[in-house]
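The listed protein sequences correspond, in order, to chains Y and H.
All residue numbers for the first sequence refer to numbering that gives the first Met the number 0, where the first residue is 0 and numbers rise by one.
All residue numbers for the second sequence refer to numbering that gives the first Met the number 0, where the first residue is 0 and numbers rise by one.
Everything labelled a hint here was simulated from the structure, so no lab data went into it.
Hints should not be assumed to be uniformly reliable.
Chain copies aren't distinguished; within one or between two, either way the pair holds.
[Claimed, not checked] For lysine to any residue, the following SDA-like pairs were computed, each having C-alpha atoms within a straight-line distance of at most 20 angstroms: (1) K18 / I100; (2) K18 / E69; (3) K18 / D74; (4) K18 / R70; (5) K18 / T140; (6) K18 / R42.
Residues per chain are reported as follows:
Protein chains: 2
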Amino acid sequence: MEILEMSEAECLRKLGQTKFGRLACARDNQPYVVPVYFAFDGRHIYGFTTLGQKVEWMRLNPQVCLEIDERSSDDTWLSVVVFGRYEELPDEPRFGTARTIAHQLLQQRSAIWWEPATSSKRNKSLALTPIVYRIHIRQITGYRTSPNEE
Amino acid sequence: MEILEMSEAECLRKLGQTKFGRLACARDNQPYVVPVYFAFDGRHIYGFTTLGQKVEWMRLNPQVCLEIDERSSDDTWLSVVVFGRYEELPDEPRFGTARTIAHQLLQQRSAIWWEPATSSKRNKSLALTPIVYRIHIRQITGYRTSPNEE
Numbered sequence: 000m001e002i003l004e005m006s007e008a009e010c011l012r013k014l015g016q017t018k019f020g021r022l023a024c025a026r027d028n029q030p031y032v033v034p035v036y037f038a039f040d041g042r043h044i045y046g047f048t049t050l051g052q053k054v055e056w057m058r059l060n061p062q063v064c065l066e067i068d069e070r071s072s073d074d075t076w077l078s079v080v081v082f083g084r085y086e087e088l089p090d091e092p093r094f095g096t097a098r099t100i101a102h103q104l105l106q107q108r109s110a111i112w113w114e115p116a117t118s119s120k121r122n123k124s125l126a127l128t129p130i131v132y133r134i135h136i137r138q139i140t141g142y143r144t145s146p147n148e149e
Numbered sequence: 000m001e002i003l004e005m006s007e008a009e010c011l012r013k014l015g016q017t018k019f020g021r022l023a024c025a026r027d028n029q030p031y032v033v034p035v036y037f038a039f040d041g042r043h044i045y046g047f048t049t050l051g052q053k054v055e056w057m058r059l060n061p062q063v064c065l066e067i068d069e070r071s072s073d074d075t076w077l078s079v080v081v082f083g084r085y086e087e088l089p090d091e092p093r094f095g096t097a098r099t100i101a102h103q104l105l106q107q108r109s110a111i112w113w114e115p116a117t118s119s120k121r122n123k124s125l126a127l128t129p130i131v132y133r134i135h136i137r138q139i140t141g142y143r144t145s146p147n148e149e
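All chains, full assembly: derive it from the sequences and hints.
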């Protein structure tokens, strides 16, 4: 099994074809990783979430990592890793355009609420308030097995 | 869709039934998440890896997070998150028992090499030296949709 580094263009294309990944944040050097739905417009990664540990941590430390992967067998897989910066898009005029892009993209991709936080018994109303965010990509790398079967 | 918190026993059972997850580490509060194969003996999580960014970071900061999830549909899923501590198990007599457990478990589970690091052109011999590790579980939590279809 040969493993190849993917080009940046290939990584970005794969990001655009994917809607589900794992998002990691960190507080005091303790990482925390959760599954997320997202959408990518060729520039930013957009997502919805609700208030909870992940958002609290990302507000304190916006450095995040998004990972996507595909496995059709143990010998055929790819993985793309994004290092980026979390930015919340509150319901304010200056974020209007960005929020519209986020909503349109996420609707197109049939994104659904996939948030353990929504089940929180505590602060239920707060937990159900949607939070729109985007991730600014700082670095993207990927590996895949060869041959490329796409 | 109702979302339920899983009991610790249920989380641990699911961990024992799973062999693939995403492991996050962090350096200078920058998280990094990669897919990994692992095995669980009811107490520790065991894995193989090779020298690369992940190991370098975990040696500097052993705080890690392992996430596993299952989705049979958008409405039926579960996710378990482990906060833990990385410990390397070098080929030394004092780690002999732990390494034997790791090897046996990982063989049983048909674990394979799934390591972008092995393709590294730099330090190829170093990158191919297997590193055995285990994760000490500090906290485990999980959520799943209801009803439980297991």
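Against the structure, the hints come out as follows:
1. When the C-alpha separation of K18 and I100 is checked against a cutoff of 20 angstroms, the pair qualifies only within one copy, where the shortest distance is 15 angstroms, while the shortest distance between copies is 37 angstroms.
2. Taking the shortest alpha-carbon separations for K18 and E69, both the intra-copy value of 12 angstroms and the inter-copy value of 15 angstroms come in at or below 20 angstroms.
3. Within a single copy, K18 and D74 get their C-alpha atoms only as close as 23 angstroms, which misses the 20 angstroms cut-off; across copies the closest is 15 angstroms, which meets it.
4. Both within a single protomer and between protomers do K18 and R70 lie at most 20 angstroms apart by alpha-carbon distance, with minima of 15 angstroms and 13 angstroms respectively.
5. Proximity of K18 to T140 under the C-alpha cut-off of 20 angstroms is restricted to the intra-copy arrangement: shortest distance 17 angstroms within a copy versus 24 angstroms between copies.
6. Taking the closest pair of Cα atoms, K18 and R42 come within 20 angstroms of each other only inside a single copy of the chain (15 angstroms); across copies the shortest separation is 34 angstroms, beyond that limit.
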